[in-house]
Amino acid sequence: MAWEPRLIVIACHWCTYAGADLAGSLRYSYPPTVHIVRVPCSGRVEPEFIAEALMRGADGVFVGGCHFGDCHYKEGNYKAIRRFKLLKKALTDLGVEPDRVQLEWISGSEGKKFAEAMTAFDARIRELGPNPMKGGA
Amino acid sequence: MSKHHFKEYSPHHPDVITSMEFERILSATGPTGGELKRPSDGTKPKTIAMISCVGSRDERYHRYCSKVCCMYMLKHARILKEKYPDIKIFLFFIDVRTAGKDFEEFYVYTKELGAKIIRGGRVSAVDVKPDGKLRVRGFDVDLCSPVEVSVDLVVLATAIEPPDGVEELGSMFTATCGREGFLREVHTKLYPVETQARGVFIAGCVQGPKDIPESIAQARAAAAATAALVIPGKIRFEAVISEVDRDKCSSCGVCVPLCPYTAIRIVEYKGKEKAYIEPALCAGCGVCASACPSRAITFHGFTTEQIMAQIDALTEA
Ligand code: FES
Chain A
9 MAWEPRLIVI ACHWCTYAGA DLAGSLRYSY PPTVHIVRVP CSGRVEPEFI AEALMRGADG
69 VFVGGCHFGD CHYKEGNYKA IRRFKLLKKA LTDLGVEPDR VQLEWISGSE GKKFAEAMTA
129 FDARIRELGP NPMKGGA
Chain B
87 MSKHHFKEYS PHHPDVITSM EFERILSATG PTGGELKRPS DGTKPKTIAM ISCVGSRDER
147 YHRYCSKVCC MYMLKHARIL KEKYPDIKIF LFFIDVRTAG KDFEEFYVYT KELGAKIIRG
207 GRVSAVDVKP DGKLRVRGFD VDLCSPVEVS VDLVVLATAI EPPDGVEELG SMFTATCGRE
267 GFLREVHTKL YPVETQARGV FIAGCVQGPK DIPESIAQAR AAAAATAALV IPGKIRFEAV
327 ISEVDRDKCS SCGVCVPLCP YTAIRIVEYK GKEKAYIEPA LCAGCGVCAS ACPSRAITFH
387 GFTTEQIMAQ IDALTEA
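Order-wise, the sequence lines are chains A and B.
Position 64 of the first sequence, counted from 1, bears residue number 72 in the numbering used here, the numbering being contiguous throughout.
Position 31 of the second sequence, counted from 1, bears residue number 117 in the numbering used here, the numbering being contiguous throughout.
Extracted from the complex, chain B is given alone in its bound form (with noise of 0.2 Å):
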């Protein structure tokens, strides 16, 4: 997310930025180098605060938690202190989290070189002082009191939103978007890569903020989801689907529109446009079955003929 969302922090500042650019000025590669200089004069900073969930946890923008930004503030606290033991660092959360293995661990590590932790809620305000610094206010639960520093650099860890046009991209092979607009597995345990398109598997932030071990095994398990797939060089149907008798079909093309995974064309059959049931497609719903009025789909599994017998069967006194 773009800082000038974020009216209430100063984003006109220079010297507010956002994690993704204060990354960049702490890379080797960077536009410094590597060297720590704030954007505005150059210099390099004395103090710096870090404020977490812009943007995220925030019913204004995105409810949902980006994930990454406590373990990368700490990061990049770390990296700073371990550079530059001298330069005071204030990390603003709502509060801290660091599930993962090994997580709690650098946080531990990152408080013990000295950066200062403050949890209690979000960072009211960020304001610039005649002086020329930049004032953050907050709250600090341990303390029980409002809290206000004075820094020459402010860092805001953005959220991470989905791409934009990633609903279009979803659309052209049907795997649809979740609330937040983010593509959406199957299911969340059992079939985490795979989307309502058969063959077109998910990894990494397009389906969820997520960091890198774990795109990484997303990704891995889209790669063998795929290799799967292809290996075997055919492709197992399954066998409850439909199928057209294209010799009753009176190419009507009611059914087309009507299968919610676009597996039915019109196709040329002896000489006549015919609906035609691509089988690798077919999920089996009996949507179109149920549907033609000319009775030629047949939806194997189910026919109308297997339903009707239940039924008589059932209604018989």
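So here's chain A without its partners, still in its complex pose (with noise of 0.2 Å):
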């Protein structure tokens, strides 16, 4: 069978995933790679989630946040971008393709946005191909 995808989208609930759900409502379509998960803020993602995701053999993970000043605990998207520059240094220097993680914000207003950043992010990673730490690990 064809490598397809697999890819972990991590969601704030107030932004992203609102988002995504006005994608659905206004029936944008967006690849069946991506799988959510619904976190409270982007601020509680941990590193360890999205290193747990790859290790496991996720093969993109995609967090969203709400926009800067907007997230629903004032300042949980800052925090969230701090720890996520210090991820990408580390899976570099692990070896893994810093591409294969993103963070992005996208508000519950933004179903388009949504759709098209999953799309987007399906084709970046089927461009990276397999994450090489799939059965290893």
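These are calculated hints, taken from the structure and not from any lab test.
All C-beta atoms, glycine included, are put in the ideal place defined by N, C-alpha and C.
Accuracy of the hints is not assured; some may be wrong.
Claimed, not checked - The calculated label-pair distances, taken between Cβ atoms and stated as ranges, are: (1) B:P249 x A:R132: 46 to 54 Å; (2) B:R205 x A:K93: 49 to 57 Å; (3) B:E253 x A:K97: 30 to 38 Å; (4) B:P249 x A:P106: 47 to 55 Å.
Two chains, each in its own frame: build the complex with the hints.
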């Protein structure tokens, strides 16, 4: 069977998750490779979540949060971006393409943006090919 | 706002005053005992110009509309016209905003009393003529031409501004100010009196320019919201909040400054300093749980185990 990427999307409840909902109700389509995990805020995302997903063979991990100034908990997204930058560095050091992970701000009203971001992310991961850690670790 | 910001309106002249000062002159308990006298020589002015949007709707000062000026200018004109029908009144507006119950009627009635309304852009200048009169220059869209009037008294409807120190006041209980410097409500429509800080409510002009009925409505809403919290005698916590396992806590203190709600304190527990999350303050963002190096913080509802289990399930081949 041909390889299909498996994408994990960790979405903030207040924005990206709502954006995904909106994408659905507006009938924008996005790839079925996307699997969403809901968290209350992008600040809840532990780098370990992303690492675990990659280690378990996810081909890409996408984290979606609120735009700056819009975080429901004031500044969770600032904390998210800080952690995310460190994680990207660590991944590079470990030999994982940093492009396999992405952080993006998608609000609850941006259903279209959500669908587009998912489509673009899927395309990018297809270019990168399967996660080298798959089957290993 | 003070009149001294507006050099183009000859603020040094004693007969150029703000609406607040004019309000005092009209008041029976004011400095003139309610008698209409102009500040310079104590005579009764025969012609008065009032200028709206001084500092409001103006990129140089405040972009917002101060909301109450149109109506109080009409009110002043009406009081004057009812008391002294022979006085000439010119009201200069950018446009007249009379949205509100019975407000339009008020406007029509004031016009009927003989107050002259001049609409069309900002008054360009007020200057002092050699004979001591004040010359007001503006534009009238209805005539489609520039207009000029000579008056004895000029009243500036200056902008409502947030008071000094409101930002500091807000930061004392983690309530934030908006771009214009007024305290911000959580949601314009759904939570109009609540602030980011649970249990702190706002009402009146600290939240933005507003008139008396609106302030009262908001104040009553704030009072009711406060009562709803206090009267039961107990507080209901959210279920989705974080909790410290103090036996696991290594007392590093990383979580304390991270909390956007200042809900985390270091308190003594079994003779050691340990983190403690005040459940009434915690809003459930999970930032602390994600940051705790000892994994001593459980975020109920979104525990690390729960999220990991989801990730595991979704990555199952
Ligand atoms: S609530 Fe969406 S990022 Fe914090």
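Okay, the hints, checked on the actual structure:
no.: 1; hint: B:P249 x A:R132: 46 to 54 Å; in the structure: holds (51 Å)
no.: 2; hint: B:R205 x A:K93: 49 to 57 Å; in the structure: holds (55 Å)
no.: 3; hint: B:E253 x A:K97: 30 to 38 Å; in the structure: holds (36 Å)
no.: 4; hint: B:P249 x A:P106: 47 to 55 Å; in the structure: holds (49 Å)
The structure fails none of the hints (numbered hints given earlier).
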